[in-house]
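**Student:** Between the sequences and the hints, there should be enough to build the whole structure, so can you do that?
Chains as they are written, first to last, in the numbering used here: chain A, 1 to 263; chain B, 1 to 380.
Calculated directly from the structure, the hints in this document are not laboratory data.
We treat Cβ as the ideally placed atom computed from N, Cα and C, and that holds for glycine.
Any given hint might turn out to be false.
[Said to hold, decoys possible] Restraint ranges, calculated between C-beta atoms of paired labels, are given here: (1) A:253 with B:4: 56 to 64 angstroms; (2) A:63 with B:237: 47 to 55 angstroms; (3) A:188 with B:58: 31 to 39 angstroms; (4) B:280 with A:25: 22 to 30 angstroms; (5) B:268 with A:94: 32 to 40 angstroms.
[Said to hold, decoys possible] Only part of the chain B face toward chain A is listed, based on derived beta-carbon distances under 7 angstroms: (6) 12; (7) 15; (8) 19; (9) 49.
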Amino acid sequence: MKVLVTVKEVAAVEDEFEIDGTAIDEAYLEYDLNEWDDYAIEEGVQISESEDDVEVVSVTIGPERSEETIRMALAKGADRAVRVWDDSLEDAEMLDVEAKTNLLAAVVEEEEPDLVLSGVQADDDGFGATGVSLADEVGFEWAAVVNDLELDVEGGVASVRRELEGGVEELTDVDLPAVLTIQTGINEPRYASLRGIRQAQRKEIKPMTLDDLGLSADVAESDLEIVDMYEPETESDATLFEGSPDETAGQLAEVLRDGGVGQ
Amino acid sequence: MDFDLPTEHQMIQEEVRRFCDEEIEPIAQDIEDEHRFPQEIFDQLADLDVMGVPIDEEYGGLGGDTLMYAVVAEELGRVSGSVALSYVAHTSLGTKPLDLFGTPKQKEEWLEPLASGEGMGAWALTEPGSGSDASDMDTMAVKDGDEYVLNGTKQFITNANVANSVLVKAVTDPGAGYDGISTFIVDPENDDGFEVSTVWDKMGLNASPTCEIQLDDVRVPEDRLLGEEGEGWKQTMKTLDGGRISIAAISTGLAQGAYEAAKTYSKEREQFGKPISKFDAIRDKIVHMERQVERARLLTHKSAWQYDQGESVTKSSSLAKLDASEAARKVAEEAVQVLGGYGYTEDFSPQRFMRDAKLMEIGEGTSEIQHLVIGRELGL
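**Tutor:** Below, the structure written as structure tokens:
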């Protein structure tokens, strides 16, 4: 079987930064593998380690710089990678969920995976929708916010546990092919071994342009427009209690009672 | 010239640093307080292929170069001098000589478990009466049939009480001076007569065991001779060339760790209404730290690079070791000063770096011996 893991290089902002127009000044950004995607890679690699004949392919949408990120997926055990980029994507102000869905859908058509694993959300733009949107586009079954996965390869069924609102969990069987969005905590992502890192230098990262995917430049067009970028005012509601444990416990009880907690 | 590390080295640096920050740094002070060798850390390092970085792949090593090894040693030093010291003693002194001078059969039996990290390596050169004048040793190895019989005392042997094998230097031909020294592979567990007589309590680096060992009629078969009889000193010189690079790398790491601690603290600690980093007195200290760390790293990387080119590194590795070890001590001491009262407490790392750094000016050739080596290289 083939597992496709989508990964994204996300921007992390330094403690102090400046906003330049509708974006954070590039000088204050560092790039790293999206945290959720690290769990998705680990899940994919664990499947390839426990089942026979599993190929794990990692895909990313990003400029050449993002090869560093996707190479870490290769170092952790993915077999090969695909990197989608194009000059017309470079020029786009942002790639929204629709654009990413169409790009990844083209890759899914090309690769024909049995299972697609994506992170629940990206740590930077945080749309949290690409995985499910992709499933809808390519006509796969899907399950979102998966924190446990049992795979029956022969039966073609993924038994998953999903996190719902309010601490409720749901057990669902999903027929393959399917897209699962992976929640942190589903596994313990490994450190890449040094041998893995060395081998990753020789693994294939196939570059794909819009032409290669049979898409035109308008795939990057978006109905969304970023109109402003600003730091929200921060309000501090912290109340500091001072005194002995007896006194502070009483003060805390009072606040809770006033707030309507525990009548 | 290209001062950027190759991509592969950068990825290794990044991942080893993540491991160090998440797995070693949180226990770095505890293992010092407990004087405990952290076997579990070395087991994990073995799983990540860290224990055999510059060792032949055929024998379970990673097949990396000296620059890669220096990068890894620096990262370990940045969080724990003890882990870093046991690591480089294992690699440079206990493992690399087997890779360089061993027969295929010796490599299979003794190198493989070390390169894969199943066991720790060690070597034994120094004696109670022989330190800087290292060739003036009293430990003897006498041929008896198809065995050698070893007798003597070895001092300050890193990892001896946790080692899978110890490479022991001994005199086989008392009249031959430098050419009368040979190297023997000794098995601490299975060779009768090997005893760890002391595990030293030290000023720092207490999670890295430093031992005195007694060899009392230790009989080893003749296939435990490493290389030929009389080659022990030449092997030692070659081993110490690489060893000095590894100590320079640890020192750079210690300096980097102390510098980071001081820099972070100086930006958070406020006095007279602003962060102390905004005062010239503290800013200048931090800038001077950066200057020393960068210099130490450049000298270390240059020497590692030369080693990988197959060039002689006697001078460059001595320079790197001399400069980086001094930088580590000075930067760590200034870091303690930047943290003030907190710097003097064991809740903060600079005091640990300061204790650990001092050894780097002593071990694997004192600073005074480095001056001697460099002076000789300059034709003085």
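**Student:** Does each hint hold? Answer for all of them.
**Tutor:** Tested hints:
no.: 1; hint: A:253 with B:4: 56 to 64 angstroms; in the structure: holds, 60 angstroms
no.: 2; hint: A:63 with B:237: 47 to 55 angstroms; in the structure: holds, 49 angstroms
no.: 3; hint: A:188 with B:58: 31 to 39 angstroms; in the structure: holds, 32 angstroms
no.: 4; hint: B:280 with A:25: 22 to 30 angstroms; in the structure: holds, 28 angstroms
no.: 5; hint: B:268 with A:94: 32 to 40 angstroms; in the structure: holds, 35 angstroms
no.: 6; hint: 12; in the structure: holds, 5 angstroms
no.: 7; hint: 15; in the structure: holds, 5 angstroms
no.: 8; hint: 19; in the structure: holds, 5 angstroms
no.: 9; hint: 49; in the structure: holds, 4 angstroms
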